[in-house]
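Trainee: Just so you know, the protein sequences line up as chains A and B, in that order. Our numbering puts the first residue of the first sequence at 153, with every later residue one more than the last. Our numbering puts the first residue of the second sequence at 153, with every later residue one more than the last.
Incorrect hints may have been included.
The list treats identical chains as one, so a pair stands whether inside a single copy or across any two.
Claimed, not checked - No more than 25 Å apart at the CA atoms, straight line, and that leaves these computed lysine-lysine pairs for PhoX-like:
no. : residue 1 : residue 2
1   : 155       : 327
2   : 303       : 180
3   : 154       : 327
4   : 154       : 303
5   : 327       : 215
6   : 180       : 215
7   : 321       : 303
8   : 180       : 154
9   : 303       : 155
10  : 215       : 303
11  : 180       : 155
No lab work stands behind these hints: they were computed from the structure.
2 protein chains.
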Amino acid sequence: MKKTLGILGGMGPLATADLFHKITVLTKAASDQEHIHVLIDSDPSIPDRTDALLHGGQDPLPKMTASLRNLERAGAECIVMPCNTAHGFLQALQARTSLPILNMPALTAARCRELYGDRQACILATSGTLETGIYHRALQEQGVPVLTPAKYEEEILMHLIYDVVKASKPLQPEKETWQHLLDSLRAVGAEYFLLACTELPILAEGLAVPGPFVDPTAELARAAILFCGYEIREQVPV
Amino acid sequence: MKKTLGILGGMGPLATADLFHKITVLTKAASDQEHIHVLIDSDPSIPDRTDALLHGGQDPLPKMTASLRNLERAGAECIVMPCNTAHGFLQALQARTSLPILNMPALTAARCRELYGDRQACILATSGTLETGIYHRALQEQGVPVLTPAKYEEEILMHLIYDVVKASKPLQPEKETWQHLLDSLRAVGAEYFLLACTELPILAEGLAVPGPFVDPTAELARAAILFCGYEIREQVPV
């Protein structure tokens, strides 16, 4: 049975557009009518997740719940959230709905194990995701060894996420910063990089610096396609 | 007052993703929270519009109306449809809702007048859009002179739209066909091209053949941003 997908988006809007695009191009379909029915509530006024998790900022859960209700009413049969930090609220949100919410960190961690086995993953993410251990726990459950960026590297990541991608600034001036960050982490043992904030695949694709990378947005897209009863296209058209 | 935007999508899904992406990058915003609240119902099972307009195919209006109701219930305050051919059903749909539906052909025609004055526009579109005169009427109202592709050129357009973009096929093998089509139309007087099917800006951007082009998806994005009470970013980041 085919399922209708609900995207609880807006965190941020460009990451939501990125997930929707990835779902569309990764679905095996030869006409409009063979694609997934997708419902999106992209409410960018949802309060910042890192701010709530670490600094006592406004609770995003009421607005996330309002979006969830919109998606339920419109006929969604499963939910995805293209925001890794928002997964700090996954349990609370799942308790409020009978619809399954796909767990992006858990499914990405399983993919890391499959692709890279015992090699050392480096988590690139917001302070909210890093300091609450959202990906650390998921990777530990898969037995994947993890390298965490140092505090000053975390600040560079927050700059790239908030002052560049979320602020809609040009990416190119950040190329050296991004390259240098990856080189430094490789020097201390990173064997591949987890782009564990949905703004980072946008940065990584725009700057085209070599990884290797695991993109949780693409993993979530693949998982959603399969969960909804569709097939994945093997070769993405160029 | 800021308005919530409803996108009646799925016609096709890649065009819907393209509009959502263009709205996001064209909005002047320095953080997630400064973006538009966007609701999307992308139901690709809506029957083909050209087939209904020209060949007695299944009426798409019932499913379009169901999506409209979803968007109304979720709180949309105005509606856009990223499908030019679907505008053949605009009047019927508008009669079923008190929400304003932005008229993509009309606003694009006004933009053609503004950008190109009395120069000759060539409409590139589906048979449904071409043969029912959706863009011809809009351009006539603006006094814009129009060139229509010949029947065999219309068939090439239908091939590019249905067998390539909607079928998720690679674009590159079509570059010569696309280039040759534009050259032939230029030879008979086309001074610029209206990409009047939402699959065509995807093709044109992917193949990077010179136009000049007017992109109704980008024009609809700009109109929606302004209508919802937001500002347009002057320079799109690269």
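Trainee: Against the structure, test the hints numbered earlier, and report the numbers of the ones violated in rising order.
Mentor: Going through the list in order, the structure violates hints 1, 2, 3, 4, 5, 9 and 10 and respects the others.
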